[in-house]
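**Student:** Here the protein sequences come in this chain order: A and B. Numbered according to this note's numbering, the first sequence spans residues 805 to 1068. Numbered according to this note's numbering, the second sequence spans residues 805 to 1068.
None of these hints come from the bench; they were simulated from the model. By construction, the Cβ of each residue, glycine as well, lies at the ideal position given by its N, Cα and C atoms. Possibly wrong hints are sitting among the right ones.
Looking from chain A toward chain B, a few residues come up when the C-beta cut is under 8 Å (computed) [what the hints assert, rightly or not]: (1) Asn987; (2) Gln997; (3) Gln1012; (4) Ala1035; (5) Thr1053.
Okay, here's what each chain looks like letter by letter:
2 protein chains.
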Amino acid sequence: MCSLPVPREPLRRVAVTGGTHGNEMSGVYLARHWLHAPAELQRASFSAVPVLANPAATSSCRRYVDHDLNRTFTSSFLNSRPTPDDPYELQYPELSCQVFLYQRSGEESYNLDSVAKNGLGLELGPQPQGVLRADIFSRMRTLVATVLDFIELFNQGTAFPAFEMEAYRPVGVVDFPRTEAGNLAGTVHPQLQDRDFQPLQPGAPIFQMFSGEDLLYEGESTVYPVFINEAAYYEKGVAFVQTEKFTFTVPAMPALTPAPSPAS
Amino acid sequence: MCSLPVPREPLRRVAVTGGTHGNEMSGVYLARHWLHAPAELQRASFSAVPVLANPAATSSCRRYVDHDLNRTFTSSFLNSRPTPDDPYELQYPELSCQVFLYQRSGEESYNLDSVAKNGLGLELGPQPQGVLRADIFSRMRTLVATVLDFIELFNQGTAFPAFEMEAYRPVGVVDFPRTEAGNLAGTVHPQLQDRDFQPLQPGAPIFQMFSGEDLLYEGESTVYPVFINEAAYYEKGVAFVQTEKFTFTVPAMPALTPAPSPAS
């Protein structure tokens, strides 16, 4: 299914970015915390560099200033020469170097993690915008520590066996019901709200109209909605993303071949 | 405790405002809905007028554009003549008429409802910014309908007996723990998060520091925190508001004396 590139040598340059969206507070405050306490990102074989990705949006607690930063990592943006007149989020001179794309079924990726050789995006939520919740903050912190521990094991020559896992892949997006003028005519049904990754059966209610009636899911098969009623996606015309569940095999990762010693 | 003015004649001019803060979505969408379906605000003796209070902030899904609208209803703002150079929220020419203040212990009120003869503010939440949740939307809709029904009963000459009720009044505010530079050094403890109006005992944890330790509530008496970890209050230096619970008597409201008939 996925053919992620398997690195063949120890990972030395690791960056952890937070606050790509300035109003998603767990990442904002974890990045700020790590900038002051970087020891938490150190392992024996490498140190991860914390990066606060969008300082101006973070200052004003907004998703972005001029352009959604996490939609700008395409080759056309990355290959253009930035000018002072560009929108704020398109001015990233430090990043205008070689680009490695993580491609999904032929599509170009636009996300921040696509500019790394081995990018990994961690989505935690749903979380309310502009609120730093201790529970999500702690989960994000533990998850990042686990990733760093994995890189450390890999760098030390650990082999990882193949395994199977379940995952979800997008199969479509559903917009809110709208009036002819484009305004909302209803919102996510209470029976769907807060049920990300749970099965949605044909015939189940998905929207509650302001007029009082329910709109039902009319698809033919069970789907697994995610990004349900996500504040940031109102502007993108997305009430939720339909996914399907599938199983895929993660191939074995053999131990690194030790590099020839400089003395040999 | 409170000495609310008791109106002595039927209420005919009733306004229901929503979207005073443009990213609190229940009020935004209820006001928009009522603008298109005003019959829901009609009663036999009056019709309430729906008002979308801050259209520009609503368009960009922000609390406010230039100035927190719900802090501008003071006599100094209301008595000044607006100019085109004023901040957006200070330009309310339609409202620069006589002002009736709802005063709390000598303080001038700054809230929108203070410009009405009998203003009533309904706070629903906590609700995530930029998200229209059906559960809060429905509660707000029912609550407004109940207020309108009450006005209708009052206008029709219903007498209401005195009764006692419990309420909460603010006794102080608590800021987040901060670094010397003013950044957050921790956030609301998971044992306090989502417990608005529940008792907080001396010695209970209130903040979880990024360094890992807990900060405890060191007050001497039980308080009832509200506005816990409210996104809009980060900029105001408020992690939560401490209240005390008390009982007060709502005086009887006698039936309106029928106005002399024009023919008599």
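**Student:** A separate judgement is required for each hint: does it hold in the structure or not?
**Tutor:** Here is how each hint holds up against the structure:
1. Taking 8 Å as the C-beta cut-off, the interface hint given for A/Asn987 holds, the closest approach to chain B being about 6 Å.
2. The beta carbon of A/Gln997 is positioned within 8 Å of a beta carbon in chain B (closest approach about 6 Å), and the interface hint is therefore held.
3. Taken as an interface hint, A/Gln1012 checks out: its beta carbon lies about 5 Å from the nearest beta carbon of chain B, inside 8 Å.
4. The criterion of a C-beta within 8 Å of any C-beta in chain B is met by A/Ala1035, whose closest approach is roughly 3 Å, and the hint holds.
5. Given the 8 Å rule on beta carbons, the hint for A/Thr1053 is violated: about 37 Å separates it from the nearest Cβ of chain B.
The structure does not agree with numbered hint 5 stated previously, though it agrees with all others.
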